[in-house]
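**Student:** Chain by chain, the residues:
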Amino acid sequence: MNVLKVPKLTIAVFVLPCLLLYVSMVFVPILFSVYNSTFQWDGLSSVKEFVGLENYKNILLNDPYFWPAVRRTLMYAVFSMVEIPVCLLFAILINRYVRKGNTLVSIYFMPVILSVVIIGQLWKTIYNPLDMGGMINGVLHFLGMDSSMKAWLSSPKFAMYCLYIVSLWQYFGYHLLIQFTGVQNIPADIYEAARIDGAEGFKADRYITLPLIVPVFKISIVLAFIGSLQAFDLIMVMTGGGPAHATDVISTLMYNNTFMSNKYGYGSALAIVLVIICLVFTVLINTIFKRVENKVS
Amino acid sequence: MENQVKKNHAIKKTVSVLTIGALAVGLAACGSSNDNNGGNSGGTNTAANTGSSTNAGGAATDSGKKVTITFQNIYPDATSPANKLLKELVAQYESEHPNIKIELDSLNTDQQKLKLKTQAGNKEIPDITIVNPAAQMKPYVDAKLLAPLNDMLDQNGLKDTFQKGLLDYYSFDGNTYALPDGNNIEVVYYNKDLFTQAGISDVPKTFDELIADVKALKAKGITPIAIGEKDTWTGSFLFMNILLRTNGGPGFLQDVLDGKKDFNDPAFTEAVDAFQELVQAGAFPEGATSIDANAGGNIFKTGKAAMFIIGSWETGNIDASSVAGKVGAFTFPTVNGKGDLNQFMLAPGSGFAISANSKHLQETKDFLNFFMTEFPKKKFELKDAVGVGQVVEGDFKAAGYSDLAINILDLFKNVSGGDLAFDNTMNPAVAQAHLSSIQNLFVQKVDSKQVAKEHQDAFAANK
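Protein sequences appear in the order of chains A and B.
According to my numbering, the first sequence is numbered sequentially starting from 47.
According to my numbering, the second sequence is numbered sequentially starting from 937.
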């Protein structure tokens, strides 16, 4: 910063408005939630009963729906992150073999600009039972596999996987675009130099593309991770967390407790737990990537 | 350069961490930030209001002052009779009282519930809003957010237009806090054509007959009972009707609340078993738990399902659908020989309530008084008067009401008692546990003792 010959005051003047806005919109609500999480409160009455860490204790020890929700949230994250290498592979292939790669990538990107509500309704129709026009069941029926037909979203066993698939489908194009741009930005002369040295095809990918793509790859991973922890709207539209909590993730559990069960304090505590989980994993991802970066480069 | 990149990374890291935090907490925090301030200003407002209402006469003569009343409501559908009624009455009142402007905030039911909760957190509820009866509105009353309406009910006999006992659901400690837009009962609508197709000659009077009919319909490839169980209240409403029968009469939940019974009671497990029998017989559409309430109703209204077990408020909608004229209604059958056919699940309607902190309390009361006085007449005109909670003058048949409407009105005449929906009786936390427990029955077979235990645990944990 010192290289910039700008008085500290000027910097402060430019930074302050945003900083204040940020603090008031982000930190203050978090602090309020921390405060509220120590009460038993219905969100309406003026009577708040201070219960200390009781809410946290109940979440961690007594809530039968919390740990399964954590598991589903993390599964969501894992699935979203596993998608990224596939996106990278596609990006490399498109970059190498497709003439107008941009067009193809734009087409893949289309689901991202659709509203989640539309996506949810669309996929609900795909998953519907046969008599309601469900496409998957229609195909199964056509193939004579009637025994595998199901009301997919109403099956406690499959509903959650159905939701993962929708998310993967929607965000495939998003991560493909990021990876594709990353791959395109690697200067062509590096490859040319490598070719002279005898590195082509997969060898070039291993020693040039992969090391240089790591920062972009990391962005995708972090975005996918954050996105899946926030997963809420799609689940709300498609299953509402049901049947009977089978598709509850932390955010829907928090919503239902706060607004449906009027347990405001408990909901706030859940929110704080979610924040902590996010923090822990973001730090974890960063550490891992620092190692990977050091290793490949 | 290297440093710059690192710094950027560090910033990015912080930003991403904070962003997640913000998004995660944003939802739960949005209602709370103003609480302390809101509480204080709410207090001063109330003080100001008591002042202004004591010299209301003075304020009323001071009529040059423009007053805007916000009217939050749950009638957003411009094609529905309820929405027409709302607009016509508001227009009429505004033309008679040029200094009053009524601003409509029309939302669908779930949005309104959520918006009101958020507004209530800030003590900023609209002048007129919608609350649901009994246990659902109690938190608002306890938080002193609603104004008592006794004076306005007594002032011109408005109170006597309501059916006897109906206002009790909206009254606490002798004060009435809301005026209902209806009073309905749960009935079984059935499609006569589909019944004939399945060779069913008479409506079922017992649960065993109902199961037999379900199987007969199913065998013909007809969905026996329409339901949209993504909105969990629908299944609960049906389940409660079974419980009303197995308990031999109303009051099971009240007895639980009073500590005289608990959910492990045989009446409760018997009801769960009966309900599961329906599910096992294939009574409900496949994938019911991912169908929302409206779509569930449409299965019946498009002639794809034979029965629809729901509140009588659907009468007008069914008459406006493609199955109009083919539909009849009967009361829910007895279960294992228990229960009384003249007892119904009662559904006192959503109630209009006035904010205790309203800046124009007197004007708002005057408007609501006008609105509710005209309400039954207008409803009757719009052919939507089945299930109105007030005395309706006029001959339904002569006015051209459908056979189904007359059929329902006849059922009303026999009502000798009943129960309220689960979420109108128990607090929201217990109700949520119940709703998801019942939803679970749609997707897997559960031991009824386990269901009872889930209920009892939730009840004990959220007293």
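For the record, the hints were derived by calculation from the structure and aren't laboratory data.
There could be a bad hint or two in this list.
[Unchecked claim] For lysine-lysine, the following DSSO-like pairs were computed, each having C-alpha atoms within a straight-line distance of at most 30 Å:
no., chain 1, residue 1, chain 2, residue 2
1, A, K103, B, K1295
2, B, K1313, A, K203
3, A, K203, B, K1389
4, A, K94, B, K1295
5, B, K1154, A, K203
6, A, K94, B, K1100
7, B, K1154, B, K1385
8, B, K1074, B, K1141
9, A, K103, B, K1313
10, B, K1319, B, K1023
11, B, K1128, B, K1333
12, A, K94, B, K1080
13, B, K1100, B, K1319
14, B, K1051, B, K1074
15, B, K1381, A, K203
16, B, K1100, B, K1313
17, A, K94, B, K1051
18, A, K94, B, K1399
[What the hints assert, rightly or not] If you anchor each label on the Cβ, the simulated ranges turn out as follows:
no., chain 1, residue 1, chain 2, residue 2, range
19, B, E1329, A, D177, 43 to 49 Å
20, B, K1333, A, I164, 31 to 37 Å
21, B, D1191, A, G184, 33 to 39 Å
22, A, N104, B, E1329, 35 to 41 Å
23, B, Q1047, A, L168, 45 to 51 Å
24, B, D1393, A, L256, 51 to 57 Å
25, B, F1108, A, L107, 17 to 23 Å
26, B, N1350, A, N104, 45 to 51 Å
27, B, D1046, A, I159, 43 to 49 Å
28, A, N104, B, D1198, 17 to 23 Å
29, A, G184, B, T1004, 41 to 47 Å
30, A, S152, B, S1031, 34 to 40 Å
31, A, D177, B, E1317, 35 to 41 Å
A quick note: this is a predicted structure, and the numbers were derived from the prediction, not measured.
No residue lacks a Cβ here, since even glycine has one placed at the ideal position from N, Cα and C.
**Student:** Look at each hint and say if it fits the structure.
**Tutor:** Tested hints:
1. A:K103 / B:K1295: With Cα atoms ~43 Å apart, K103 (chain A) and K1295 (chain B) exceed 30 Å; violated.
2. B:K1313 / A:K203: It is violated: about 52 Å lies between the C-alpha atoms, which goes past 30 Å.
3. A:K203 / B:K1389: Given that 30 Å is the threshold and the Cα spacing comes to 23 Å, the pair holds.
4. A:K94 / B:K1295: holds, 27 Å
5. B:K1154 / A:K203: holds, 25 Å
6. A:K94 / B:K1100: violated, 37 Å
7. B:K1154 / B:K1385: OK: K1154 (chain B) and K1385 (chain B) at ~29 Å, within 30 Å.
8. B:K1074 / B:K1141: violated, 37 Å
9. A:K103 / B:K1313: violated, 56 Å
10. B:K1319 / B:K1023: holds, 16 Å
11. B:K1128 / B:K1333: holds, 21 Å
12. A:K94 / B:K1080: At roughly 15 Å apart (the allowed maximum being 30 Å), K1080 (chain B) and K94 (chain A) satisfy the hint.
13. B:K1100 / B:K1319: Given that 30 Å is the threshold and the Cα spacing comes to 23 Å, the pair holds.
14. B:K1051 / B:K1074: The given pair, whose Cα atoms are some 17 Å apart, holds under the 30 Å limit.
15. B:K1381 / A:K203: holds, 14 Å
16. B:K1100 / B:K1313: The given pair, whose Cα atoms are some 18 Å apart, holds under the 30 Å limit.
17. A:K94 / B:K1051: It holds: about 21 Å lies between the C-alpha atoms, which stays within 30 Å.
18. A:K94 / B:K1399: Distance of about 15 Å is within 30 Å: holds.
19. B:E1329 / A:D177: 43 to 49 Å: holds, 46 Å
20. B:K1333 / A:I164: 31 to 37 Å: violated, 46 Å
21. B:D1191 / A:G184: 33 to 39 Å: violated, 49 Å
22. A:N104 / B:E1329: 35 to 41 Å: violated, 55 Å
23. B:Q1047 / A:L168: 45 to 51 Å: The hinted range 45 to 51 Å is violated for Q1047 (chain B) and L168 (chain A), with Cβ atoms some 22 Å apart.
24. B:D1393 / A:L256: 51 to 57 Å: holds, 53 Å
25. B:F1108 / A:L107: 17 to 23 Å: violated, 36 Å
26. B:N1350 / A:N104: 45 to 51 Å: Holds - the Cβ-Cβ distance for N1350 (chain B) and N104 (chain A), about 47 Å, lies within 45 to 51 Å.
27. B:D1046 / A:I159: 43 to 49 Å: Given range 43 to 49 Å: violated, Cβ gap about 27 Å.
28. A:N104 / B:D1198: 17 to 23 Å: At roughly 22 Å between Cβ atoms, D1198 (chain B) and N104 (chain A) fall inside 17 to 23 Å, so the hint holds.
29. A:G184 / B:T1004: 41 to 47 Å: Since the Cβ atoms of G184 (chain A) and T1004 (chain B) sit about 54 Å apart, the hinted range of 41 to 47 Å is violated.
30. A:S152 / B:S1031: 34 to 40 Å: violated, 55 Å
31. A:D177 / B:E1317: 35 to 41 Å: holds, 40 Å
Checked against the numbered hints given earlier, this structure breaks hints 1, 2, 6, 8, 9, 20, 21, 22, 23, 25, 27, 29, 30; the rest are met.
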